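Dock chains L and D against chain X, hints included.
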Amino acid sequence: MRNNRIKKVLVGMAAAGLMITAMACGNSNLNNNNNVGNNSNNNAVNIEGEITTLTFWNGFTAADGEILKDIVDQFNKTNDKNIVIEMDVMPWANFNEMLPPAITSGTAPDFALMMSTDLAQYVENGALKAMDDFWDYEGVDKTDFVETSLKMGSLNDVQYSIPQQVQSFYLYWNKDLFEAAGLDPDIPPITWDELAAMAPKVEDRENNVAGFVLPNNNHNILYSWMRAYGGDLMNRDFTESVINSKENIAVLTTIQNLIVNELSGPKIISGPEMNNMMNAGQLGMAIQGPFLAAGLETNEINFGVTTIPQMNMTEKSAILEGVGFVIPSGTEESKVDAIYEFVSYWNSREIGKRWSVEAGFPPYLKSVAADSDVINNPVVSELIEQINFAEPIMPVFSKRRALDSDIITPMVEQMLQGSSVPELLKTADEQINSLLK
Amino acid sequence: MKTSMIREVLSKIFLIFLLLIIIFPFFWLLVSSFKNEKDIITYPPAILALTYTFDNYVKVRTTIPLMAYLKNTVIFAGGVVLTSSLINSLAAYAFARIKFKGRNIFFFFVLLTMMMPFQIFMIPLFMQMNKLNLLDTYAGLILPRMASASGIFLMRSFFVTLPKDLEESARIDGLNELQIFSKIMLPLCKPAILTMSILTLMTNWKDLLYPLLLTNSTNMRTLAAGLALLVGQNIFAYGPVMAGTIISILPLIILYAFMQKYFVQGAIMSGLKE
Amino acid sequence: MSDKIKAIVRFWNKPQHAAYLFILPAILVLSIFTVIPLIGTFIIGFFNINIFFTNTSFAGVANFMRLIQDSRAINALGNTLYFTLLQTPVQVGVGLVVSVLISKSTIFNKFCRAVFFIPVVCSLTAIGIIWSVLLDGNIGIISYYLLRLGVQSPTFFRDPALAMPTVAVMTVWANFGVTMTILLAAIQGVSLSLYEAAEMDGASKMRQFFHITIPQIFPALGYCLLTNFIGSMQVFDQVYVTTGGGPNFKTETIVQYIYSRGFTSPFELGYASAISAVFFAIIAFLSLLLNVYMSRKEAGLS
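Residue numbers (our numbering), protein chains in the order written: chain X, 1 to 437; chain L, 1 to 274; chain D, 1 to 302.
For reference, chain X alone in the conformation it holds in the complex:
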């Protein structure tokens, strides 16, 4: 009797196992190449010549990632050099956990995208190939690239990364919540002071609505605010901390007052949670990268987006970040040309325009910026304006991540819990100096 029961169960397990394996195998085309489902068909079409398969990692997990997938698909179908790209996506934080061991164990992708803030530590450890010869590749026009976009990918005058996109941080506001608070829904704050004044008004405790929040893991908002008022983290050569300044004390005190005393928003909140609140219509204002727009549209929020607040209208500043193509040092030389084919495809006017308009990123190619469709797009044109004065901060500083998570995150969290701002800045000052040793 028991044997029968066991037999039945084993048969059931085997059946389930077969089913799962069938599903998995049947989808292996979809899985191995997250997007290139038509791979095998393409191979049948491009019969002559060998196929070069390139593995490609990046961190575009949000809506813009779907557009990226589509562009890669299109390249696979239309390129005449028999190149097939297999794309692999993981969140940026984990990308940085997974790429280094992959490089040292020889399982790294052929090429990848990398955030400008992460470039330095890879270069210092000899993990990336130089890409200066990209400028010699057919059809590539170096003069079409905006100077700052190239600077972000260059270290010691060697180009290690070719731009894939640039982004800055913008102010999004919920028009409905503004109206409910008695504010003009079409007029967002232009200066940080205006933002600090509007946030408490938009905040509505009873309906669980917050006016403004400072996330604990994305410090670009803090850095923007600090720099608008003339403060900074370190000196130009990254040899000394300058964080303990009266400008910074003033800025941090304002923020602390906003969150702790005026209760404009929750004290401890992560970046994604801030996005969720915005997407749920529970947050009046948020400062975030361009990708937030797509989420807001899906969630049918009545929103506006504009330049990040400033101190005043004459000295404008904003943070520029970028993402660029990189080639791990272990990639075979024979594949570099194929990689350059895709990189130049990406940096063409047609694709550059598509990425700008569909994904909402400001262009860094002059030919794309001059395109009338781009100029006439209301969201993108708003974003372009900021790129003109945005600058990368801490470029090529290899300890950026450690600075952010080990020093600034605890500082922000304690600040928002009400600890003494001058004390916090003094501690951060010491910690940064010992990090820089």
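No lab work stands behind these hints, which were simulated from the structure alone.
Each hint can be trusted.
Computed list of lysine-lysine pairs in BS3-like fashion (alpha-carbon distance at most 27 Å, straight line):
1. L:K38 <-> X:K69
2. L:K183 <-> D:K14
3. L:K190 <-> L:K164
For clarity, every value in this text was computed on a predicted model and none was experimentally measured.
Chains L and D only, in chain X's frame:
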């Protein structure tokens, strides 16, 4: 009499309360996996929505490579179960039934490894796999787990209970040692093997840190590692994550429904890690 | 077959020689993939190595010296102990109470046993995902209902004071089924005659519980406490998924800290190994202490 009735009622209420707080989150997860994206992250939040969709289960295959995760988890956990069952049983049989020189020393060695949690040596293990070029491979995931002290311990305590002299009669019949093991011993301990297998399957299916460490690319991730990376990031789509979570727990729950007895036995014999 | 081969086969067929072949695979695997890395932990702690394997240098005891002064490491140890001291007694307590309540094999009780074990079968990742969204302080359903009830909703995983307790309670929710199962088996093994005798002497249910049940199941209780303790000290999965160590490192546990030192910038594998080595010593010491204490107690009871 009254106090015992009150006690009865109170304990029933307590148990029903516990049942609710166990069942509710799973119910909520299931319902959420069928909601439209904008209904999942919405305010005010609600358990039920007006419309539902299968979209998330369709999207789960493209937004997250869930089927790859599932396949990897099956191969990893299944591979470990198959190999470790054999290797553990072999060793356990020898320790339990054969007197050989150094038996106690070797067994003590095995016991010692039981006290070494993976986290303690995960860094050198990672470096070792790196150097052996086994990172991001099925072999790299399965090899270190092909033998386990707790499995050997479990099987040994079962072998010890089999009647003595079972081997003697078999030897007289002319069977060699391997045949004695495979034809006589093994068939007798089917329940123990099943218990150990289920325990091993469950532990490895659920494992997060070990596969997280030893795989790099998305295609090699297991369910736990893959889903863990989707939380706390700028994730656009919660729907597929909900659907993915359901798919990740479903296989073990279904297995549990059919083989509850073995799960329970396995838990008793091992005291799972926290 | 030649004579030589026959001799070899005959040699290995002797049980006491065959045994070595039987245990060989297991011993090999355990040596290569457990013992060697373990020794490696102690050795690598004396070096400075990063994940790119560049700039490798001998560091002597520098890593260990750094560890002693590392406030974040001490914080992690404190957090881990805090979690363990919260989680272990509560889980064993809940497991004990529940196992007593459902010790009779009624249909309702059997249903309870089955349901209470379901979270055990789920990965802590899945459980972390579920509770992260449910307990989200801003748009989570639990906080919404609390607000409706007029209570200011705590932010659970994001509240520095509540984060660790929340993780502990979530862990109890996930795993009490194991403790319950083990103790249930132990309780069902207590001979009924003991209870009958006590009934006749007029002892109340409470007295029976404390003077019969507990002493009788003490070995199982001790086993639960010990394994739970060791397991809790190694907590990682649920913290990684729900809080990532925050807020303000209040939930950063030792394993989480080791992971962050080794696998996030600047990838200091040497230092992470030094921490692992010391951690091993601490766990071994504490478990030994607990084991001795429980054995004494057990001896005292019998």
